[in-house]
Amino acid sequence: MNSFLKYFTDIFHGVKSLLTGMSVTGRYFFSPGQIVTQQYPENRKTLQMFERFKGEVIMLHDSNNQHSCNGCGICENNCPNGSIEVIAARVPGEDGKPKRIIDRHIYHLGMCTFCGLCVKNCPSNALGYGQKFEHAVFDRARLTKVLNQPGSSIIKGVE
Amino acid sequence: MTFNIYDFTSFNQWIDKGLNSIMSPTWALVTEWVIIGVVFLLFYAVVGLFLVYAERKVCAFMQNRVGPNRVGPYGIFQTIADFIKLLMKELVYIKDSDKLLFNIAPFIVIIASFMALSAVPFAKGLHAIDFDIGILYVIAVSSLGVVGILLAGWSSNNKYSLIGAIRSGAQIVSYELSVGLSLLTIIVLAGTMQFSEIVEMQRNGWFIFKGHIPAVIAFVIFLIASTAETNRGPFDLAEAESELTAGFHTEYSGIKFAFFFLAEYMNMFLVASIAATVFWGGWMPFHISGWEGFNHIMDYIPPFVWYVGKTGFIIWLMMLFKWTFPRLRIDQLLTLEWKYLLPINLVNILVMAFLVLMHWHF
Amino acid sequence: MKEIINLPVSKIEEEEYHINMGPQHPSTHGVLRLVVSLQGEMVKSLKPHCGYIHRGIEKMCEKDTYPQLIHLTDRIDYLSAHINNHAVCLLVEKALEIEVPERVKYIRTIMDELARIQSHQLWWSSFGMDLGGLTCFFYGLRDREMILDIWEETTGSRFLQSYNCPGGVMQDLHPNFQKRVHAFIKTFKKKIKDYDRILSGNVIFEQRSQGVGMLSKEDAISYGVTGPSGRGSGWSCDIRKNEPYSMYGQVQFNEVLRYGCDTYSRYMVRMQEMHESMNIIEQLIDNIPAGDYSAKMKAVIKLPAGEYYQKVESARGELGLYVVSDGNKTPYRMKFRTPSFSNLSVLDHISRGMKIADLVAIGASLDLVIPDIDR
Chain A
249 MNSFLKYFTD
259 IFHGVKSLLT
269 GMSVTGRYFF
279 SPGQIVTQQY
289 PENRKTLQMF
299 ERFKGEVIML
309 HDSNNQHSCN
319 GCGICENNCP
329 NGSIEVIAAR
339 VPGEDGKPKR
349 IIDRHIYHLG
359 MCTFCGLCVK
369 NCPSNALGYG
379 QKFEHAVFDR
389 ARLTKVLNQP
399 GSSIIKGVE
Chain B
182 MTFNIYDFTS
192 FNQWIDKGLN
202 SIMSPTWALV
212 TEWVIIGVVF
222 LLFYAVVGLF
232 LVYAERKVCA
242 FMQNRVGPNR
252 VGPYGIFQTI
262 ADFIKLLMKE
272 LVYIKDSDKL
282 LFNIAPFIVI
292 IASFMALSAV
302 PFAKGLHAID
312 FDIGILYVIA
322 VSSLGVVGIL
332 LAGWSSNNKY
342 SLIGAIRSGA
352 QIVSYELSVG
362 LSLLTIIVLA
372 GTMQFSEIVE
382 MQRNGWFIFK
392 GHIPAVIAFV
402 IFLIASTAET
412 NRGPFDLAEA
422 ESELTAGFHT
432 EYSGIKFAFF
442 FLAEYMNMFL
452 VASIAATVFW
462 GGWMPFHISG
472 WEGFNHIMDY
482 IPPFVWYVGK
492 TGFIIWLMML
502 FKWTFPRLRI
512 DQLLTLEWKY
522 LLPINLVNIL
532 VMAFLVLMHW
542 HF
Chain C
20 MKEIINLPVS
30 KIEEEEYHIN
40 MGPQHPSTHG
50 VLRLVVSLQG
60 EMVKSLKPHC
70 GYIHRGIEKM
80 CEKDTYPQLI
90 HLTDRIDYLS
100 AHINNHAVCL
110 LVEKALEIEV
120 PERVKYIRTI
130 MDELARIQSH
140 QLWWSSFGMD
150 LGGLTCFFYG
160 LRDREMILDI
170 WEETTGSRFL
180 QSYNCPGGVM
190 QDLHPNFQKR
200 VHAFIKTFKK
210 KIKDYDRILS
220 GNVIFEQRSQ
230 GVGMLSKEDA
240 ISYGVTGPSG
250 RGSGWSCDIR
260 KNEPYSMYGQ
270 VQFNEVLRYG
280 CDTYSRYMVR
290 MQEMHESMNI
300 IEQLIDNIPA
310 GDYSAKMKAV
320 IKLPAGEYYQ
330 KVESARGELG
340 LYVVSDGNKT
350 PYRMKFRTPS
360 FSNLSVLDHI
370 SRGMKIADLV
380 AIGASLDLVI
390 PDIDR
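Chains as they are written, first to last, in the numbering used here: chain A, 249 to 407; chain B, 182 to 543; chain C, 20 to 394.
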């Protein structure tokens, strides 16, 4: 008799649990306000990334096209996978001594793992993160970037 | 001619007379066959494509997504785009496969569902063949599909496919019983197997209300068993994609895969139509005996709309099953059938027979 | 596998056949290859083949300095990246005998627990998907998004944060951090009820998981099955409790133990752990002390010569970190004791005699992360 009763209670509990599950999916079906999908290419204009978002490493330039990188190479030393190459040049300074300035700050985006050590360890805070994240290109060579903009110069008094 | 959306009989007769007046009766018959064939083919394709789209939209809404929305407004052309893609895909040749069976299997599956569709009454007079053993015919023909699935799994020369096919065989052979017996419950009440008569008998109340408790139980069992018979989740063991990658159609590509895909959706449509016809009155409007005014208002809604509405709701229910429940294991699947559905079903038939004998139904 | 293929047919046991699950299979969640020997649907034995995603992280660590190798530990077990980072930092701090500020401990603990929750959410999602309930996958990922947003705002990355560094963390918490965490806990406490309604209480799920993949406590200990999988067998192996690090010694939480030894127990342990993790976060989030987010560190970190071991409780078990230093700025040898590797070793033992469908459920209940196995 007991097993007979158990047979029916099993059915009852089974059906009840199934209906509970169906109520969840059914409820979401009838509440389209809960849709979480972001429709990406359409919302590109309004899409706001977080301010700390690590899209790519950039060199911060001010409005006079000046940066604060003096080409010390600490970022290059800190990079775990050789994504950064700093090519420094020496120019005669104001006091006549040769001065080390940056010629090209080369950044291989394709190799970068965004560990953040270059930005963290930069003594003059010359590097930062860009918000751009659409990095797909057809040619790998285009992932190698020169971070200091053409014609840019170092801010006075940083060194 | 008199074209009436409430009754297609006169429209059919008008076509028949017109054809007979311009050609010999034999050729008229052949032309009618061709017309019906083409109409069914179109209907099949359109409904299949729409159901794939509907499934994707429905499951998307259940999962807090928006679903396809790129091709056309609300993505309605998505499945057509998919279909074109499948048409252009390579038909992969499988090494050491049984070539003849491999190629023939998708056609068996699709033809089985196509044949079963012919007996479904869509509206008054909109009926390809009105067999007097309509239900028996549908049960017989729709279970042919499993042959295609077994052949597909066997001939693919792939162990995943084989496991899927064997599972599917065990599953469909078992669940055929429940489908048949639950329909038998209603046949006991109706006293006929002809679809048109079954629908006509529900003029003053659908069978699910007329047969009350046993009919409701039969309906629930039919819904479960037919979901299993169409290989849909939670009974999609034959193609359990987390266990067998894609089960019996793992090795199929291109249009042959599309055939399996389409057949699955058409089978779903078919069982939903049978459920709607047998339990919910098919195209018959919702009537309550005695409430003449109410019945009259209901009659204004065309039969085809009633039919589509009922079928659509049952399809939605089956989608809700699929997108809610985890999959059963093969032994649990058979336990469910042999230990739960079948005994309940047998008792249910007895109860129904007793009910009919005592005239305790409405 | 090669020896199996080359065997004459008569030598292969009758009615036994082999299938390859993986390296590309939907339920191995990566590139794990299981050569399963089947009799009908029954699993006779299985043989895991690892190494498809071996990247030589241990060797790569030998050329990197300690701050540099942290970003590699992210990629071992990508779902508990914070916890892996934490282990390296704890090891370096222990070796150098540095006391990190209180604030750092709070931040690390909260981040670890967020990592645990999101890892368990993703595990729940894929568990549901492996059992055939595809909707679970989307519900889990939907709620996980909130944690990823919290991380993105503070650390700048969603997935592989590299947020910890020896001595502290890379940058201070974002001002919105506490607000977002509160919002997350409030939302998730509601949403987790859906998880229970749709999967935990479901009769199909219960039948699929109860009594499946029995792993006794003795076997769990001898195979080294740690984490929620081991605790599902009643083995108290929570390192947060047994050898507390960071703030774990000072917060109140229960070690979740279940004694069912089956897939269902392992499932329930993880479900309960999400509640416990939220409990821990709630205790810490409002009391984060002010102060530095990093201790003062030398520019070049050199560990004194010697051997060091540090273990932490990652989302899937005990993560051990063994370092031999010869006094240089790079480790001489680095060895990770990853939980998934040990957990995988028991898969053959507990899935024998089960069905293929059970094998998938057992594999899901062990919560294997393939890069964690191969490293």
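Derived by calculation from the structure, the hints in this document are not laboratory data. Bear in mind that the values here come from a model prediction, so they are computed numbers and not experimental data. Using N, Cα and C, we set each Cβ at its ideal position, and we do this for glycine too. It is possible that part of the hints are untrue.
Sample of chain C residues with no beta-carbon within 12 angstroms of chain B, all distances over it, derived [unchecked claim]:
hint: 1; residue: Glu60
hint: 2; residue: Glu121
hint: 3; residue: Asp149
hint: 4; residue: Ile258
hint: 5; residue: Asp377
hint: 6; residue: Gly382
Below are the DSBU-like pairs computed for lysine-lysine, each with C-alpha atoms no more than 35 angstroms apart in a straight line [to be verified]:
hint: 7; chain 1: C; residue 1: Lys317; chain 2: B; residue 2: Lys238
hint: 8; chain 1: C; residue 1: Lys63; chain 2: B; residue 2: Lys280
hint: 9; chain 1: A; residue 1: Lys264; chain 2: B; residue 2: Lys520
hint: 10; chain 1: A; residue 1: Lys380; chain 2: C; residue 2: Lys374
hint: 11; chain 1: C; residue 1: Lys198; chain 2: A; residue 2: Lys368
hint: 12; chain 1: A; residue 1: Lys293; chain 2: B; residue 2: Lys276
hint: 13; chain 1: C; residue 1: Lys374; chain 2: B; residue 2: Lys276
hint: 14; chain 1: A; residue 1: Lys393; chain 2: C; residue 2: Lys208
hint: 15; chain 1: A; residue 1: Lys293; chain 2: C; residue 2: Lys260
hint: 16; chain 1: C; residue 1: Lys208; chain 2: B; residue 2: Lys340
hint: 17; chain 1: A; residue 1: Lys254; chain 2: C; residue 2: Lys209
hint: 18; chain 1: A; residue 1: Lys368; chain 2: C; residue 2: Lys321
hint: 19; chain 1: A; residue 1: Lys264; chain 2: C; residue 2: Lys78
hint: 20; chain 1: A; residue 1: Lys380; chain 2: B; residue 2: Lys238
hint: 21; chain 1: C; residue 1: Lys205; chain 2: A; residue 2: Lys368
hint: 22; chain 1: C; residue 1: Lys82; chain 2: A; residue 2: Lys393
hint: 23; chain 1: C; residue 1: Lys113; chain 2: A; residue 2: Lys293
hint: 24; chain 1: C; residue 1: Lys212; chain 2: A; residue 2: Lys368
hint: 25; chain 1: C; residue 1: Lys260; chain 2: C; residue 2: Lys208
hint: 26; chain 1: A; residue 1: Lys347; chain 2: C; residue 2: Lys317
hint: 27; chain 1: A; residue 1: Lys368; chain 2: C; residue 2: Lys354
hint: 28; chain 1: C; residue 1: Lys374; chain 2: B; residue 2: Lys520
hint: 29; chain 1: C; residue 1: Lys208; chain 2: A; residue 2: Lys264
hint: 30; chain 1: C; residue 1: Lys236; chain 2: A; residue 2: Lys404
hint: 31; chain 1: C; residue 1: Lys354; chain 2: A; residue 2: Lys293
hint: 32; chain 1: A; residue 1: Lys380; chain 2: B; residue 2: Lys266
hint: 33; chain 1: C; residue 1: Lys317; chain 2: A; residue 2: Lys380
hint: 34; chain 1: C; residue 1: Lys82; chain 2: A; residue 2: Lys380
hint: 35; chain 1: C; residue 1: Lys315; chain 2: B; residue 2: Lys238
hint: 36; chain 1: C; residue 1: Lys209; chain 2: A; residue 2: Lys393
hint: 37; chain 1: C; residue 1: Lys209; chain 2: B; residue 2: Lys238
hint: 38; chain 1: C; residue 1: Lys198; chain 2: A; residue 2: Lys254
hint: 39; chain 1: C; residue 1: Lys354; chain 2: A; residue 2: Lys347
hint: 40; chain 1: A; residue 1: Lys293; chain 2: C; residue 2: Lys208
Evaluation of the provided hints:
1. Glu60: 6 angstroms, violated
2. Glu121: 40 angstroms, holds
3. Asp149: Asp149 (chain C) is in fact no farther than 12 angstroms from some Cβ atom of chain B, at 5 angstroms.
4. Ile258: Label holds. Min Cβ-Cβ 32 angstroms, cutoff 12 angstroms.
5. Asp377: 7 angstroms, violated
6. Gly382: About 10 angstroms separates Gly382 (chain C) from the closest Cβ of chain B, which leaves it inside 12 angstroms; violated.
7. C:Lys317 with B:Lys238: Not satisfied, since the Cα-Cα distance of roughly 58 angstroms exceeds 35 angstroms.
8. C:Lys63 with B:Lys280: 32 angstroms, holds
9. A:Lys264 with B:Lys520: 19 angstroms, holds
10. A:Lys380 with C:Lys374: 49 angstroms, violated
11. C:Lys198 with A:Lys368: 26 angstroms, holds
12. A:Lys293 with B:Lys276: 51 angstroms, violated
13. C:Lys374 with B:Lys276: Satisfied, since the Cα-Cα distance of roughly 28 angstroms is no more than 35 angstroms.
14. A:Lys393 with C:Lys208: 46 angstroms, violated
15. A:Lys293 with C:Lys260: 48 angstroms, violated
16. C:Lys208 with B:Lys340: 44 angstroms, violated
17. A:Lys254 with C:Lys209: With Cα atoms ~33 angstroms apart, Lys254 (chain A) and Lys209 (chain C) stay inside 35 angstroms; holds.
18. A:Lys368 with C:Lys321: 19 angstroms, holds
19. A:Lys264 with C:Lys78: Measuring from Cα to Cα gives roughly 55 angstroms; hence the hint is violated.
20. A:Lys380 with B:Lys238: Since the Cα atoms of Lys380 (chain A) and Lys238 (chain B) sit roughly 32 angstroms apart, the hinted pair holds (cutoff 35 angstroms).
21. C:Lys205 with A:Lys368: OK: Lys205 (chain C) and Lys368 (chain A) at ~34 angstroms, within 35 angstroms.
22. C:Lys82 with A:Lys393: Within the cut-off at roughly 26 angstroms; holds.
23. C:Lys113 with A:Lys293: Not OK: Lys113 (chain C) and Lys293 (chain A) at ~48 angstroms, beyond 35 angstroms, violated.
24. C:Lys212 with A:Lys368: Distance ~41 angstroms between Lys212 (chain C) and Lys368 (chain A) Cα, so the pair is violated.
25. C:Lys260 with C:Lys208: Cα-Cα ~24 angstroms, so holds.
26. A:Lys347 with C:Lys317: 28 angstroms, holds
27. A:Lys368 with C:Lys354: Between Lys368 (chain A) and Lys354 (chain C) the Cα gap is close to 27 angstroms, so the pair holds against 35 angstroms.
28. C:Lys374 with B:Lys520: Cα-Cα ~20 angstroms, so holds.
29. C:Lys208 with A:Lys264: 23 angstroms, holds
30. C:Lys236 with A:Lys404: 68 angstroms, violated
31. C:Lys354 with A:Lys293: Since the Cα atoms of Lys354 (chain C) and Lys293 (chain A) sit roughly 47 angstroms apart, the hinted pair is violated (cutoff 35 angstroms).
32. A:Lys380 with B:Lys266: 33 angstroms, holds
33. C:Lys317 with A:Lys380: Satisfied, since the Cα-Cα distance of roughly 33 angstroms is no more than 35 angstroms.
34. C:Lys82 with A:Lys380: 31 angstroms, holds
35. C:Lys315 with B:Lys238: It is violated: about 56 angstroms lies between the C-alpha atoms, which goes past 35 angstroms.
36. C:Lys209 with A:Lys393: 47 angstroms, violated
37. C:Lys209 with B:Lys238: Holds, at about 26 angstroms.
38. C:Lys198 with A:Lys254: 49 angstroms, violated
39. C:Lys354 with A:Lys347: At roughly 45 angstroms apart (the allowed maximum being 35 angstroms), Lys347 (chain A) and Lys354 (chain C) break the hint.
40. A:Lys293 with C:Lys208: Roughly 33 angstroms between the alpha carbons, so the hint for Lys293 (chain A) and Lys208 (chain C) holds.
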